[in-house]
Structure formats: C-alpha cells, structure tokens
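Engineer: Here are the chains, one letter per residue:
Number of protein chains: 2
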Amino acid sequence: MSLKNLITLVFEPDGVKSKFRKGTIILCALKEAGLNIRSECGGRGVCGKCKIIVQDALGFSAVTDAERERLSVSELKSGYRLACACSVLKDAKIFIPEESRVITRKLLIEGTERPVKVKPTIRKLYVKIPKPSLSDIRSDVQRLQDSLKDIYKIEITEIDHTLLKKLPRILRNANWKVTVTIWDEKEIISVEPGDTVKKSYGVAIDIGTSKIICYLSDLTNGELVSTGSLENPQVMYGEDVISRIAHASQSDASLKKSQKLVIDGVNTVISEACQKSRLGLQNIYEITVVGNTAMHHIFLGVQPKYLGLSPYVPAVSGPLNVKARDLSIKVNPSANAHVLPVIAGFVGADAVADIVSTGIYESDKLSMIVDMGTNTEVILGDKHEIVACSCASGPAFEGAHVKCGMKAVTGAIEKLQINPENYEVSYRTIENAKPMGLCGSAIIDAVANLLKCKIIDRDGRFADAPVTSRLKTTNGTKSFILVSREEGATRDIMITQKDIREVQLAKAAIYTGCYILMKRKNIKPADIKKFYVAGAFGNYINLENAKLIGMLPDIPTKFITFVGNAAGAGARMALISKTQRQIAASISRKVDYVELALDPDFQREFALATCLPHRNLDRFPSVKNLF
Amino acid sequence: MSLKNLITLVFEPDGVKSKFRKGTIILCALKEAGLNIRSECGGRGVCGKCKIIVQDALGFSAVTDAERERLSVSELKSGYRLACACSVLKDAKIFIPEESRVITRKLLIEGTERPVKVKPTIRKLYVKIPKPSLSDIRSDVQRLQDSLKDIYKIEITEIDHTLLKKLPRILRNANWKVTVTIWDEKEIISVEPGDTVKKSYGVAIDIGTSKIICYLSDLTNGELVSTGSLENPQVMYGEDVISRIAHASQSDASLKKSQKLVIDGVNTVISEACQKSRLGLQNIYEITVVGNTAMHHIFLGVQPKYLGLSPYVPAVSGPLNVKARDLSIKVNPSANAHVLPVIAGFVGADAVADIVSTGIYESDKLSMIVDMGTNTEVILGDKHEIVACSCASGPAFEGAHVKCGMKAVTGAIEKLQINPENYEVSYRTIENAKPMGLCGSAIIDAVANLLKCKIIDRDGRFADAPVTSRLKTTNGTKSFILVSREEGATRDIMITQKDIREVQLAKAAIYTGCYILMKRKNIKPADIKKFYVAGAFGNYINLENAKLIGMLPDIPTKFITFVGNAAGAGARMALISKTQRQIAASISRKVDYVELALDPDFQREFALATCLPHRNLDRFPSVKNLF
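If you read the sequences in order, they're chains W and Z. In terms of our numbering, the first sequence has 124 at position 124, counting the first letter as 1, and numbering is strictly consecutive. In terms of our numbering, the second sequence has 1580 at position 580, counting the first letter as 1, and numbering is strictly consecutive.
Among the clues, some could well be false.
With a straight-line cut-off of 16 angstroms between C-alpha atoms, the simulated EDC-like cross-links for lysine to aspartate or glutamate are [unchecked claim]:
(1) Lys1165/Z <-> Asp252/W
(2) Lys1498/Z <-> Asp1527/Z
(3) Lys323/W <-> Asp1326/Z
(4) Lys1166/Z <-> Asp252/W
(5) Lys1323/Z <-> Glu158/W
(6) Lys124/W <-> Asp218/W
(7) Lys590/W <-> Glu385/W
(8) Lys165/W <-> Asp1457/Z
(9) Lys124/W <-> Asp56/W
These aren't lab readings, by the way, just hints derived from the structure by calculation. Bear in mind that the values here come from a model prediction, so they are computed numbers and not experimental data.
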C-alpha cells in the first residue's frame, strides 16, 4: 500500500495526469510531469508569474502571505494560487492559465472559407451635420437622421440607448462632423468624431468545448486581420460537453459561473486579436458566435440542463441578436452579437457554420462532413436535403482516457510509424520537443500500425505471443511501448489494451454515425462525391490510417478534403455577410436531425463497427486485401 | 450682528425656509418651523423613523453611533441622517423623505382622459404546448412559436434574452401550459405558468419637476386601478428645471446621481401603486413615461447640458422604447418603457401628452392649453396647425420666492378673500389645519383681492397711506398681513411688496406666452373656443382672480375647462393604446415651437403685461370696468 499517500493531479488544459506524494509543491509537481510554467524567480515567491487556478481550495495548503501579496483579491477569490507557494493535499485538478504558460498549443485556427460578397450588417457613413441655431432647433438625433436622409437617402429611426446618453457631447466635440455606424439598416449604434469610415471591424467567435477562437475581420473588405485563441477555461468543469452541462445545471450560480468563464475567455481572445492588429476594442462593431449547443446555451446564460436529458431539446434554435454589453462582452458598447442558429441538442451552431462554409447546401454533389471533436457531428446532403447526427466519439482523440494521451501541445507525438520488420517506431513531435505523450493523430497512427503489423488483431486484442520486446505484460495487462524513457521520452510512452478499446469505441461511434446517415438516405460510400474532414485535429490525421481502423467510411482519398476549422470559417462568413446569416437561419430549419439512439440498427451497427476496420470487410473494399 | 450665528435651513419638499441657531438639532428645527416628522421614540435615537437626507454632509455634525446602528450603509452613503441625532453647522438644505413624513401633500393626480379604444402593445395568450419527445425535438422557443401560430395564427420571431435564460425551467415547471406575453406583436417578453391572461397591467409615469406620479392601469380594459405619487427627490438640486439641468451637467457622476434619484422615485411610486392594488411588480408588463424635456433626458441618463444653453436643443425628440431593466426600473424584467416624444428643449413629452389628452389636434375648434408649473407650456391650435411655447413662469405659484409661500401641503392656505369694507381676511387651509403659509392659488387670490380693494395699484405698488392696520412697513418695506400669529397662524402670514413683484413677473410670463402665440396665428381671445387649464395647481385657482391679475387672456369662463394633470392623462392613454402613441409621435413632429425670446415684440409685451391686469386695459374688457 505504498500508493496510499499518492495523490493524482490533472493539469489542464494539457490534460496531463500524474501521481505525486501528498504535500508536493505544485511547482515541483509540474516539473516532474514535464510541464513548463513561468517562474522567473525560480520558485522563491517573488515574481508572481507561476499563477495556477485550483478548482477546490480544500485540496491545497492554505494561502500564504506571499500569495496574498502577489495575487489580487479577485484572483484569490477565483481560485488563483502561486504554484511555488502551494502544496497538494488531495486528488485535484489544476488549471494553468494562458499567462503562466511557456508552451504553445498547436491549435487549428484556419478554416477553408469560400469567397462571399462582403455585405456586413454594419455600415459606416461620414456626415457633416448642420449646427443647431435658434432658427433650427431640431434635436441632435433628428438632425443626424435628417443628414443621413439628405446625403445617403436612408431613414434610420432607431438609436441605441447607450450611445444616445453620450451623443450631445460627441457631436459638439466633433464639431458636427462625424462617422455614424448603422446596424442592419435600422439602428444607429455609434457616432465618432471625424471620418473613420474605413475603421470598421468585427469578430467571429468559435466557442469549442476545448478552445475559443476569435477571428478579427475588416468589415470593409471582409479580410481576416488577426486571430486570438485560448483553451476554453470551462475545462475546469470537465473535458466533455456532458460534464459541462452537468456542472452548469447544478444551480443558477453554477450556470452564471460557467457563463462568466466562457465570456472571460471570449473577452481574452478578442483582446488578443485587437492587440495583434493594434485596434481598439471600440472599433469592433459586430460579433458572430458559433459553438455546439451546450456552449451556445452557456454563452447566452440559458439553462442547458435539458440538453442533457432525453429528448435532449435545446431551449432555442433560431438565430439571436443580443447586445454585446448584455453579455458583458467588451467591444464597442453598442455592438450586436449575432449568435448563429443550432439544429438540435447535440448538433449546434458549429454544424450550421460547417454547412455554410463548405457550401454543401447549394451543391449538386452529395457531400458528407465529419466535424471531429469530443462530439463528432456528421452531416450528409446536397442542395435538396441535408441530414445530420451527433456521435459521442468521446475525448480519446483529444488525448483523454488514453494512458499516455495528451492534447496537441508541444512535446506531443503527432505522427508515428511502426516498422513491420523490426517493430522500431519512428515519430515526430510537435515543435520537435522531447516526447511526452500521444495526441489524437498519433493514437490513430499507433492503432493502425499495430493492426498492420499484426501486433493486434481485428478485434483489437494484442497478440498472444510477444512478437517484440516492446510488447509487455504488467499485472496481466498488455501494452506496446512506443517510445521508452531510455529512448528519450519523458516517460515510457505506450498504448495499452484499454487504450485500444477506447479507440475502438470512439472510431465505431464516428463510423456508425456516418453509416446510419447513409442508410437513411439509402446511399453507399461510392455515392459520396465530396467528403469534408473538419475539426481541430482533423487536419493532422493520416487518412489512410483513419480508414484502416475504420474510423471513416471507405471513401477514395481524392474525394476527401480537410477543411480545418470549418465552423470558424462559417462564423467569419456570417460576420461579413448578412446573406450568409440568412442562409444559416434557413439551414438550421431545413436540416433533418437523426437521433442515432432511435435507429433500430444502431446498437448492432455500433457493435459491428468496433471491429478493425469493421466486422464486415465488404464495407472497406480498399483495405480488404490487407486482411 | 446678532444674526451672525443664525443659519438658514430649507426643508424640502415643502420648501419651508427658516433661520436657526448654529448647533440646533434638526428635529427641534423641524418643530420650530412647524413641520412634522415621524419620531415614535420622541427623539431618543431609538426608533430610527426621523430619517432626513442632507445634501452636503459638511454642514452637519458628525454621524453618531446611533445613526450608524439605525441607518444602512447605503443610506449613510446617500446622505441619510436621523433628525434627532444631527445638528446643523452651516446654511443647508434638508430633504424629508416620504417615509418620514406625517403630512400629506395635496397632489393633483387626476386628469381628464378622453375615452380611447383599448389597444395596448401588450397581448397575453394562453397556450398548451405539445411536450418534447424523441420524435419531436423542436427547441422550447420553436414549439412555443409554433403553438402561437397554430392557435392564434401569429408569428412571433423574437424573444427577450432575459426571459430566454429561464424559459426551459418555466415551461417544464408549468407542465407546458403557459400564458405568453407578447410585446408589440413581435417579441415574447414573458411566459408564466397557467392561465394569467386577465392579469395584464401597465403603468403610466408622469415625471414632473416637483412630483412623480404613477397610474397603474389594467391593460385588458384600460381602467385605472391605483396610483402612487411622490415629491421628485431631485428637488435637492433645485426647485426649477434650470437648476436641475445645471446640476446634472456638472459631470457624468452628477448626471448618474440625478438619474438615480428619479429612477428611485419612479420605483417608489410604482411599488406604492402595486401595493395598493395588491399586485406584484412582475405583473407590470409595460410603462409609458412623460415629463418635461429636462426630466425626460435625466430619466434616460441623457446629457441635459445643451437644454440649458442656447439654442436649447434636445438630444432626442422622437419616441423611444427602452427595456425597463436597462433603466433599473423594477417591474417585469422584460417590460418595455415607452418614453413619449418631446417637441423642444422646453416643451416636453408632458406637452405632447397634454395635446393627446385634450384632443385639440383633431378638433375643429381653435383651442389653447396652459399647463402651469415652474415652466408653463402654452399650446394653441386645432386639427390643422398647432404652435407651442414655454414660459419661464418660475416657482412663485409653487410657493417659492414668496416670503410666506409654501407648497400645497397640509396647513397651506389655498383660498382667501379680503373683505373690501373692513379688510378682514377669510380663508381655507388644506386639511383645515392651522395656517402655515400660502400656496399658489392663495397667492393669486391675495394679489387679486389687494387689487380689488385698491390696497395695491395696477403697478402692484402698495397704497401710500395705510388704509388698514394690516398694511405694515418694516425697514421701509411694505407688507400686508393676511393671517397673524394672534389670529391663529403658526407665524405672521403676509404678502410683501417683493412678493407682489414676483407674482407680476410670473403672471406676465404666462400671459405673454399666450399673447405671442395668438399674435403668431393672428387671432384674438374671442377666437378661442376651448381653453384648457392644466397642471398640478391649475384646478385650485380662482379663474376670475387669475383673469383679474391678467395671468390668463380674457376668455369667457364658460370656455375654460380645468383638465388637471392632462400630461398624466395623456400618458395613460398612450399606455392603453398604441394608436395614441402613434398620434403622440406625429404630434411631436407637427407642432411648431415658438421661441418667445426671438419674437421682436416679446420684451415690450412682457413689460406691458407686468401691469395688473395689463397696461392696455382693452385687452381685458371683462374687468375693464373695475378700474
């Protein structure tokens, strides 16, 4: 029972899990786990750079005077600690905030965006307004409206209340020469001194379960100016959507806390993007937001509880316009946040954005989109009809529930190959750092290679006889050492029997989603002429390996396109084009949601799909000859 | 120099001014001044009922422990003190809040309202919504909208964000049988369990310079249910609109403070009206607001600075819809506040409401409205054309700037008559209390009677020889004792030469406004077929006396109608009828504002009108024979 005093720490957002002795100083634990954190003073409690956030204060030693000096009251309240001054007492989760990190996460920000005609909801117009006099006593707003009508022939009847409060001073300080920002041809939302017509910007926000990304665009020409990104700070409340829903549903206070975390994250990424392009927050006049339905609800502060309970219906599905200030988003105080519509409880605004950005809704060709993540959305259709479903693929491909799994950050193995002759492993890590673990794409590679080398069979079982010394048995459980400590890894990096089971479940979930949709439309893989792979880690996967393990249907590689963050691309398109918003709204109403669990074949199909690549090899003609 | 240590205190909202020795305990000062305040413990610092509000903390002794115990932190911050624990050090103004008062103010709440077809912007509908199931996964909002469409054939696309947040729980707790409140046929603003269709209420708010009144109406039938009223707490910053503008224009913080005072006042009157009718604040779904332009701007938090600077233009003149919660008004959180339009910097939404409630905009008969107050609005017109102006009549008729003047509260003389034979004075006080001073109507009576009795001449000068012992000369200044201390008054109640000058200026201002408008339209008093007297004290004046001193044009009494609080009546009409709001909006655009100061005849006409009743007696044929 020497493990009795060992405590498990999970470090977020990397998801690294490790055991330590009770009382270990967090800074030492981080070093032991091979994670880097800023610590300019070397752990003397002086620099205040090694900030961490703890979820449950009781799991740690009491706050010290050094911490009270270096951390603000609000930080202390939010669970901030200094890693060098705080030791661990119980199993706990620790979040390393952006500011304390020295490694960079490999985040897929780009998405394939189709060109659209720039037609934002924002319009800036320069006007010289006649000054008031005793013979012209029209109100400030009236003369502004009259000037717009005289010069631009438009009648704008509404004015934002927050702007109105300051309008008299703005107009007079500007000597009645101002630039007016109009929202949706109906509301005046900003008035600025001088001619600032060319300074018109907006941000598209993609709120993923694991990351928040901001795309700052120039609304005069639609061009992407800069980006910002951040791990979703909600990871404190769980990796997957279900845990987030469960946490936010506990009480109104938990929901508020969850919402605040997301909003804080959104503010951070917007501010990062603005800083990169040296723009003031007040120059952001419009926001579009996409995310899965749970993130969508939590972002809006809407109860997500019933998303997690059968029949999993969202509170709201149509598009929403909310004043950014009502969501505490720090941009121009009168800016509007346009939240894209969702399709169902588990097919969100991100899926709608996928459909918008790939354009499958207007294509003659039958297309499929697989947007991979903790939940994987599968969409199938063309201009006539679209069906969609959600697969509970789980976080295995994000590195969770896999012994040596980790997120795609510095030190993660992202590609690997096993030599079928000598079982030697060649690999590549992110940033060519010392290998620390396996990210999603390497996990797929590992399983595919083990299968090819016949170290595992089609049921995922390790070979009975050890074909190589890399195949080890510990406590009756087999595992394959990919990179040992001796070979230069920070720890023995391996794939266990349990890991392979996790991958089988995950890939079966995705494949079954694809299959059920094809069955619904009564089509075969050969009928699919366009296959889009989207999602944060999608771009990095080896397609042949993915097909070999049966994760994707057997579609010719030439028909497959990586579209990266397609949801973000859709959000950007909706930002710069009102037409795209209307398209998104009509898509959300038109798509037929398929509840997989209700399909009579689902259970059987899922079971068949857990086999590598599938129980029925006829479904994978291109790899059939390998077996 | 025995007066050196005497300090002047002004008690608001009654406007009583008196001198006291430095160090006097406020509770004693109040008693000396004949003002009553709650003090259940008799001044022992125990009951905490004698709350007062001081404007400048430095003018008073330090806060005591007793006060710290009885007053909340927020009260202490807002300048609350206990009258029994606080003594005066400097000249100061003290506000006695509603809760501490024992006297009731004679407030004119009623206004003549014309019957209108009830057509509120609020509509409540009961719906039974099909429950979600795995085969019907429409979102909560969608199924709500679909049910409204199925049952009532209406398409409502918007939903208030604050409501949306709680919607999933409301629907499920109500077992999907709910009453939906729809605003303006376009936004769902409330969803309540069960059938509450008949519980639909709204409030009309009249924000006057000196008072705030709330009219709570049943929106199903338009009937008035209850009222609430309060002195405008802004009186701390001055009696008249100009002082209020000056104060609120000092800084953004002063504006916020002024706005908060009005909003607090509005919340108080709404809550009073709700309590009287045993209604919850959440049953108030709509608000209409009227007030003069300065109150309108301050209520909205809009900079009123330029209202006070030539050319006196408002920031905004059109009608506005603002969420009540954005103004911190405590009613249903999704209620809308509709603020009626204004005409000019000194002709506000109250004047628009006067025009709506009297209906002169649709009349064939040429009509004039005089809405008396610190500013008096004069409106002249018919269905073809309307002109309006504002007269700086000042607060004389509200009791300010007049030695023994006071507001129309208990103890004020409201009517009086001087016997021309023996100069004896008969009078009536409000609530038949011991006479304390003169309110506006009695001031008019006094001047008119002194003129009739020839104690003053047409120039307002007191007779040289004392015709009665009531006419006294003190320090070279003449005054007429109306009720002496010996006759039972709390002090010698008199009219001084200076008081008469104040009245002459005030009445000349009103008359000149009426005259300039008539001149503009090239008409004579005989052409006016309807003359409406509106305003808080309007109903109590003796019309013959008002004409005798030349305050109103010489119109036959049969053509004159008292309409009381016509502005409040207009606000109520706009509350229960959307049509009336549209009428108000079109009125505000159509009315021609006349800037009196720009009229070439103004100065001369004003001077002629200071004479009693007028320098040119031909303008007052009906009283000409008296002189």
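Engineer: Going through the earlier hints one by one, which of them does the structure break, listed in rising order?
Structural biologist: Hint check: 2, 8 and 9 fail, others pass.
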